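**Student:** Protein sequences appear in the order of chains A and B.
Numbering follows our numbering, with no gaps: position 99 of the first sequence is 101.
Numbering follows our numbering, with no gaps: position 155 of the second sequence is 258.
What the hints contain is simulated information worked out from the structure, not anything from laboratory work.
Take the hints with a grain of salt, since some may be wrong.
[Unchecked claim] Estimated spans, in silico, between C-beta atoms of each pair: (1) Asp306/A with Met161/B: 51 to 61 Å; (2) Leu56/A with Thr287/B: 45 to 55 Å; (3) Gly470/A with Thr287/B: 28 to 38 Å; (4) Ala215/B with Pro79/A: 46 to 56 Å; (5) Ala99/A with Ala215/B: 34 to 44 Å; (6) Ile166/A with Ala215/B: 51 to 61 Å; (7) Phe293/B with Ile229/A: 49 to 59 Å; (8) Asp238/B with Gly130/A: 31 to 41 Å; (9) Asp247/A with Pro182/B: 32 to 42 Å; (10) Pro78/A with Ala215/B: 44 to 54 Å; (11) Asp238/B with Lys182/A: 30 to 40 Å; (12) Asn168/A with Thr287/B: 53 to 63 Å.
Being a predicted model, the structure only gives us computed values, none of them experimental.
Built from N, CA and C at the ideal position, the CB exists for glycine as well.
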Amino acid sequence: MNLNTVTNPGALDLPDIQGLLLNGYQGYNYIRHLLFTIPKGSEQAARQLCAALLPGSGSTMSITTAERWDEVTAHPPYRLNIGITSSGLKKLVANPADYKKVYNKSYTIFAAYDAGAVKRAPFVNDYGTNDPSTWWKGPSWQQPGLDPVNTDIDIMLSLYAPTIENRCIWSKKLNDLLPKEVILCYSRDSDPIDETGDLIHFNYHDGISQPRIHGAPYTSKLKDAMIDDRPIVPSWNFIIQNAADAPYNPHPLLLNGSFGAFRVLVQDVVAFDNFIARTPNPELVAAKMCGRWRDGTPIEVSPDAPDPKLKGFDLTNFNYITPTPHQQGTPLAGGDDGVRCPFAAHIRRANPRDDYNVLGNGTAAQPGMAASHRILRRARPFGPPYDPAAPTQDERGLIGLFIGASLVDQFEFIMHSWVMNGGFRQDDDSPNDSGIDPLFGPLPNAAPAYQEFDYLSADGQTYTSVKGLPQFVTTAGGLYVFLPAITALRCLSQGKVALA
Amino acid sequence: MQQQSPVTHLTAPEQQHMLLLFLPLKSDLSAQQEAAGTLNTLFSGVDPRRLTGVHYFMVYLLPAGAPAPGIVPTFQQAPAGPSGKLKSLAVVLSIYDADFTPYITAFTDSQAFCETLDKTILANLDESGLGLDPDDPTTADNILANGGTFKNPQAFISLLMRYNFGDPTIPAATSFGNMLPPPTSFPRYFLGATFPGLTIAKVLDKYPASSDLWPLNAPKITYDPSLPPS
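Start from the sequences and build out the full structure, keeping to the hints where you can.
**Tutor:** Next up, the structure:
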């Protein structure tokens, strides 16, 4: 079956799926992430919290599902989602043997989650200045008496609201729902830094290219489907399902759920601005580093300047080697060997599209790496905008979830094999073999090849090396969470892994 | 890394590593010889060689009950399990590019290749008597019962690592003394290479007419006799 030709997609059980998996919650830009620990002896209170958050429980608030709000109700005043770490799941599941059953049945997608973000840190470059021993520091940590390194973070609740006032109102209502035995240990808000809500602190518009999920109602509207060139990705990459062609075996507890890497990424805007300011053409270097101009224009499509005429799918309808049907601009004959968009560029590394080592980009019949290594990004800015006229020491960056059915094949693979190592493209003629993703930057004391950013001249003849590339992004927190289906949350509220 | 000066830095995808499996096999093997030589054809329509990065592979079979080859008695099969049935031994050696997980998942992404792995490796493994938990999801029996390699790629990787005497973190180097930073102690083994960093992708991309000389579907090759030592 070629998913790109499917006009009547298969049904997803939307009322059972958490809304965040299929909906980016556009317009709900005031977010509060709350992390909790379940002290020993408080497991039943945590199960009661799960029960209270079930849709239809009669509580003042409940978990938002993927059910289309425009078909069931008016815009909801808030959206709420839950993630559970493996330490939390072990506490919620009453019988350790049941937890083991889930582990054994679903090993391929469960083992990395079970290990957790701390143990898996080396797989995503979280060492040195990103080491887990440095995580969860600062005023967002709510329990000074608890050492973050030795505290189980068990449950994550993320509240999305359309206004700051709404967030305040619903945070208060949520707080009233929380049992006192479940301890809030970390709280961080995410506020938009411009009116669009999609600007990040490095001053790029973000969140442009998300996977096009088969059968997902929010992926593309019918009227747009004909001009949406994005390959359709099987939904089991994001919603865990019992699908014959899914490369995993889900325990029933996992069905209609997913896994997420929750990340707190501090961005050093001053260092970034200083780095590009040292170059003769800072905006060009910024575009080469990202792969997009600040407004989101792909440099692959418009290599010389942002193109305000590009809208909607124009910003994501493109490839690097073989142009897509509706690709704008004039593609390079024979593909782009890094002339327009460097292999080092952030968006090329995070999603190499049709590059040489990305086999089978395009169809479900041959999904290959292009389909199996995509990820849903649900991260937004935190901290105040940086104002060079009135600089402050406030932390700022990105916070949120990177979602996929397989943490290993999706989040970890993208981070390790592509973002850090550039493994989608060998051979590469750049002087430093395209080093490291320049928007992340190297860890201190990295090899010299990582401490520069190289890009080609427009004629493809000469490399410019910008030396002294520093680390721009530092990991300040990380969790691997299970994003349970409503059915699974109901099971967990009873301490079980399957309903009777 | 195209450069006029010597190679002084290699990213993980450019490094070569060694797989060295000692696999305990059933005495009554089946279908174990069908895969070699036709592996590339299992990837429909695409050239997997850049991605799999396999430079060489070797399969050495010591059938159940066969004496150790040569005069070294320690090259032998694993002891029989509780059933008393003798085991065969397969030694698999491969030199490959990049880290272990992307190397193996380049294979396990292919459903057809996974079916071959199930038939040739998993169905023939004899893991009895090794002290494995019968519920361990990474045993060959449980992987097969759970849908095979395609459904359990991470379990398959864990299974391989159980029998891999190679270390996926030891890169091929021109000499032990040329490795930076210097290892604090001698690693489990030293893997020597004449051309560290010369990946399969570079061979395909840089060697003149490589696709003509070594097409994906290789023709039969006539090998003239090699001479043993006189």
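**Student:** Does each hint fit the structure? Answer for all of them.
**Tutor:** Status of the hints after comparison with the structure:
Between Asp306/A and Met161/B the beta carbons are some 52 Å apart, a value that agrees with the proposed interval 51 to 61 Å. In this structure the hint that Leu56/A and Thr287/B lie 45 to 55 Å apart at CB holds, the actual value being about 54 Å. Take Gly470/A and Thr287/B: their Cβ atoms lie about 30 Å apart, and the range 28 to 38 Å holds. In this structure the hint that Ala215/B and Pro79/A lie 46 to 56 Å apart at CB holds, the actual value being about 51 Å.
With their beta carbons about 37 Å apart, Ala99/A and Ala215/B fall inside the hinted range of 34 to 44 Å. The beta-carbon spacing between Ile166/A and Ala215/B, approximately 54 Å, falls within the hinted interval of 51 to 61 Å. Our hint of 49 to 59 Å for Phe293/B and Ile229/A holds, since their Cβ atoms are close to 56 Å apart. Between Asp238/B and Gly130/A the beta carbons are some 38 Å apart, a value that agrees with the proposed interval 31 to 41 Å.
Checked against the hint of 32 to 42 Å, the pair Asp247/A and Pro182/B passes, with Cβ atoms roughly 40 Å apart. Range check, Pro78/A to Ala215/B: Cβ separation about 46 Å, and the 44 to 54 Å hint holds. At about 39 Å, the beta-carbon gap between Asp238/B and Lys182/A stays in the expected band of 30 to 40 Å. For Asn168/A and Thr287/B, the hinted distance range of 53 to 63 Å is satisfied, since their beta carbons lie about 56 Å from each other.
In terms of the numbered hints stated before, the structure departs from none.
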